[in-house]
Every structure is written in structure tokens, then in C-alpha cells.
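Place chains B and C on chain A using the hints.
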Amino acid sequence: MNQQPVLKIVDLRKKYGTTEILKGVSLELKKGETKVIIGPSGTGKSTLLLCINRLVEPDSGKVFLEGEEITPKNVHRMRQKIGFVFQDFNLFNHLTALDNVRIGLIKVQKIRKAEATEIAMEQLKKVGLADKAHLYPSQLSGGQKQRVAIARALATRPKVILFDEPTSALDPELIGEVLSVMVDLAKSGMTMLVVTHELGFARSVADEIVFMENGVIVEQGTPSEIFTNPKTERTRQFLRRLTELYGEERK
Amino acid sequence: MSFAEVFIQAIPKLLNGLLVTFYMTAFAAIFGLVFGTILCVWRVYANRLVSLVSTGFIELIRGTPMLVQLFILYYGLPVYGIRLSPLIAALIGFTMNSAAYQAEYIRGAIHSIGSGQMRAALAIGMGKWQAVRSIILPQALRLVIPAWTNEFIYLLKYTSMAYIIGAPEMMAQAKFIASRNFEFFKVYLITAFIYLTVVWIASFFFSWLERKLRIPGTVVGER
Amino acid sequence: MKLIVESLPVLLKGTLVTIELTLAGLTLGLVIAIPVSFFQVYGARVPRLVCSIYERTFRSIPLLVLLMLIFYGLPEVGIKLEPFFACVLGLGLRSSAYQSQIFRGAILSVGKGQSVAALSLGMTRFQVFRHIVFPQALRFSIVPWTNELTIVLKDSSMAYALGVVELLRQGSYIIARTYEPMLIFLLCAAIYLALTIFANRILGFVEKKLRIPGFETREVVH
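Chains as they are written, first to last, in the numbering used here: chain A, 1 to 251; chain B, 1 to 223; chain C, 1 to 222.
Certain hints may be false.
[Stated by the list, open to error] Partial chain A-side listing against chain B, Cβ under 7 Å, derived:
| id | residue |
| --- | --- |
| 1 | L55 |
| 2 | R79 |
| 3 | Q87 |
| 4 | N90 |
| 5 | F92 |
| 6 | N93 |
| 7 | H94 |
| 8 | K107 |
| 9 | V108 |
[To be verified] Some chain B residues well away from chain A (every beta-carbon gap over 12 Å; in silico):
| id | residue |
| --- | --- |
| 10 | F22 |
| 11 | Y23 |
| 12 | Y75 |
| 13 | A120 |
| 14 | S203 |
No lab work stands behind these hints: they were computed from the structure.
Just so you know, even glycine gets a beta-carbon here, dropped at the ideal spot from N, CA and C.
Extracted from the complex, chain A is given alone in its bound form (with noise of 0.2 Å):
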């Protein structure tokens, strides 16, 4: 199949200072597919994603976007057509469920309420969540919260989602049902590039692994040839470590 990829990503490079983050990092991504960025912290994986749709503005390099190319001139278009998962959720903290899930489309896209409001009661009924809409996020669990994100990032239809580490701030308790909307995202035929620590979400549900360290990708493959066969000793180390202090494999 000679598709064009949804994503590509050609030569990132970026430097705080005198520390290089990013060390020229090219990527695709083809429609449906779900990547798996893994690897050390503070290895620039966060900072690949924010240079994606430029919240952070990248030194040099060039990333696509169903062939077009993001520049900072079409950026905020091209943002609506990337969700964006992050870390520490950053819901609207003076804004509802509903609000959060349903601004992007008024606000943005200029969507009459009536059909923006069905819209995101929608996305929260996928994740689960249309019974929380009107609570506020100070009101939400952290997973809730995170799923009310997750429906935010999906509200203006985007092409790809980008998820920056999106169960790393969450009591263990809570991860399993973030995971498993991003599972059935997954299965849905979004695309999507993960990065995060959970092997187990990993191995079930990603097309393709990503090991990256100190700013280069070190690896590329299968579930099943990184996790049974990595190339390098560095990746098997990894793996290891990681293995010793998540448990093998979640649910």
C-alpha cells in the first residue's frame, strides 16, 4: 500500500541554550496507525511533540501534515486538525466539561452552540463521561479529567492526536480507564502518536515502537521485535529497567 502518510516528520532539530534536544528526528505516521514513542526521561520525547504543531517553535526541520506543511503561518489551522493530549491535563480551569469539550468548536471553528454542544456531548459519551459535564475540573478525578481532555482533542476532528505522556500524572488506580479509551481509539482507526511509559498499552495496541534517546531515535520495529529481539543493548536495558519498576504488563 503506497499511502501517503497522515504525519511526517523530517529532521526536527532544537536546542535549549547550549543542550540539544532534539538531534534531527524524522517520523511517519500513515492514516490508522498507532506509534509508540518509548524511552529514557528527559530525552527530548515531549519536546518532539510540542515541535509538532510548533508550541514550541523548532530550530530547523519540517513536519507535514497530509502533505502540507505546518509553518507558523498556517499553524493555528493546522492546530485544529491535531489533538493534543498533555501531561498534566491543562483543562480550562473556569470552564465546564461541556466547555472545555465544546470552546474549541465555538470559538474556534465558529460552530453554532446548539450543534457544537452536540457535538462534544457526543465526545464525552465516548470516553464516558456525559453524566460529568457540567462539574467543573476542580470537581473531576484526575482519570476524569484526562478523559474529558481526551474528548477536547477529539471535538475538532482531528487527523492525528498527539498524547505527551498522558497517564504519568495519575494515581495508578485511575490510569487503567484512560488507557482503555485510548485502546478503543486506537482500535477506531485514529491515529495516534503515544508517548509514554506504559509497555503493557504498548505492546497490545501500538502498530510500531519508537525507542528514543538523548534526542535520536536508537530504534524502530514491531512490539514483537522490540520487545523480544531489540538490535541494540541500550533498548534491552531499557526495557528492563522499565519492566523491574512497572510491573510487566497492565490491563
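Chains B and C in isolation, oriented as in the chain A frame:
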């Protein structure tokens, strides 16, 4: 004169002055909020030049006494042919002064909201100014309510300075009465007592109001 | 330009008086504020009540009214003060109220867990305060105290109303001779600005000296 006599003689004039005091305070607090918001947004989000200018203005105002500012407006401006009445000079002075302080309260609130909110707003495709308007300011202004009520009470007290340039507020009335009946101690004591009462009532009222206005999902904390 | 050069020495003489007023007022405030804040935190019910009424009262009366009361009012009950001392008393009384609020807040913001932990080591209540609470509270108070310093500095200009020949009064004397109000008042403003910046710098330096990693004493992080 007995205390009661002084009181009966002084109170109508003092209350008249209190009305002017109130009027000046409310004016400066409200317009100070409006201009303070603009100054703060410029300082934090505008391009470098605009940001520098508003920062300079804010720091200049906060670094100099209000009295000097009033003198510049009232005695200094006529040099350039701009003559302001004492009341107008005081209104402009207090508003400018309060705007600078309020800009800083709002900036504090914006920092406590954190950069994640801005990031999330940009991520759903909002422009910077749209994000400021519909995500940042609604939260910051709510957080700033306690600081604003404090500012109101500050102004209530500091407007007494307007008497030095001759604006007819309560302090000026007190001075006027006392310089005619020579009952300085009693008149000023009554004035102090009125200020005390008004300030206390205002603080009770505001803390009641803050409890009333508390919206779930917004932490209206102390600053 | 010539006028600036000529008036600067006179203004600096006034500045000295401004600084004297500020330091004297601040010191008086400090001397009163320490026991007041102590009684409010550690005192029995009655002293605690008295102290908080004291604090509230002097925070609620405008400084100018306080100054008038002291300078014009007190002579009627037989207490006659020089303008300078009347002013120091006014600044000091009001500042004591604000400073006691600062110290009280600083002491209270040292978490209860700190005292409990110290008591569990067998420290006496005095030792707990001396070794655990005080060092932390001191750091909490630096920023608001600096703020209070600049407020007293700026408000010392109200001494003008009592005829104390401080910076602003010197300025108006020069204006009476030269009719250059804009220039001279701007010059006064510049001197005040320099003083507040200087004060902030010094205390910023102290704060840095006392800084402990991870011990955040400012609420607003820039």
C-alpha cells in the same frame, strides 16, 4: 465645645466629604482595573517594545509616591498649559496609580494560572489574543478579586491625600471644620472613626461577597 | 540643566530627611510589631484580642488622618510633638500594624508539621521557635517586609503636610523660587525611584544570601 456638639456640627460636612471619597475610590478602582488589565496584557503578551513601555510605566508609578504623582499632575502640567481641577487631577492620579498596582496583581494571577492553559488553548487552534481573552483573562480576573477588594480599601484610605491638592473629600472637610472651630483633636478623631468604620464595613462586605461569588472550579485564594 | 545642578544639593538634603523618617518609622514599627505579632500567634485570648484590635485599627486609619491627629490633635491633650517626631510616630504606628501582619503571616505559614516534628525530638517550645520556626519565618518575611519598606519610604512624603522639610517640601521651596514645578517634581520622583530600586536591590541580595534550595518564599514565580 463638648464632643457631642463638635460631632453634630461636623458630621454633615464630613459625610458630604465621605461621598466624594467614595466616588473617587470607586472611580479609581474600576478604571484602574480596566487600564491595569490592558497594561498587564501588554506587559506579558505584547511585542517587546510595547511590553517594555508598559513595564516602564508600571515600575515608574510603583516606585514613586502617590503624592508626587498628584503634584506633577496638579502643579506640573499647567507648565504645558494643561490645567486640571483638583478633583480631576486626583481622579486621574489615583486611577493611573491603581492601574499600575492592579496590573501587577493580575500578572501574579496569570503566573499562578501557569503556562499549560495557554499551551492547551493554542493546541486547539486558538490565536494568542483569543486565548488571552477567552482562557487566560477569565481565570486571572477571578483570581484577582481578593486583591482588587484590597486595592479598593487601600484607595479608600489613600484618597485622603487628595486634600493636599485641595480636592473636597472627607479629609479636606475635616481640616476645614477644624481650622474654624479649633477642635482639631475631636474633629480628627471623629474623622478617623468614620474611616475606621467605613473600612471595616467594606472589608466585611467584600469577604461576604467573595464567599458568595466563589465559583466551583475556581480557587479564589488569598494573595 | 543648570537648574538641576543647582537644586540637586538642596533636594539631597531633603532626601536625607526622607531617609531618616523612613528608617525611624520603620524601626519604631518593627519594635512594636514583634511583640504584637507574638501575642497574636502565641498569646492568651485577651492579649491576642487586644493585639488584633490594635493591628486592625492602625491598618484602617489613613496615614494622613493619623498624622493630623498626632500633630494637631494631641497638643489639645497636652502632648506636643515636633513635626518630625509626630511624623515618625505616625509612620511607626501604622507600619507596626502592617509589620505585625507580615510576621504573623510568616510564622503561621511555617507548617504545623515542622513544630510537631521538632517537639517529637524533645525540643522545648522556645527551642522549636528559635531553631525551626524562626529561620523559616524570617525567610518568608523578607519579600513582604521589603515591600513595607518601600511603602514607608513613599508614604514619608506625607510628612509634607506637617511641614517637615523632607524631599518633597524642599522641592516645593525650590519651585516657589524658580517656578519650575514640572522639572523639580520629576526630579523628586526620580530620586524616590532610585531609592525604592536601591532598597529592593539590597533586600533582594539579602534574600539571595539566605536562600535555601527548594524553599520557595515567593508566591509569584516569574
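Could you check the structure against the hints above and give me the numbers of any it violates, in ascending order? 3 and 13
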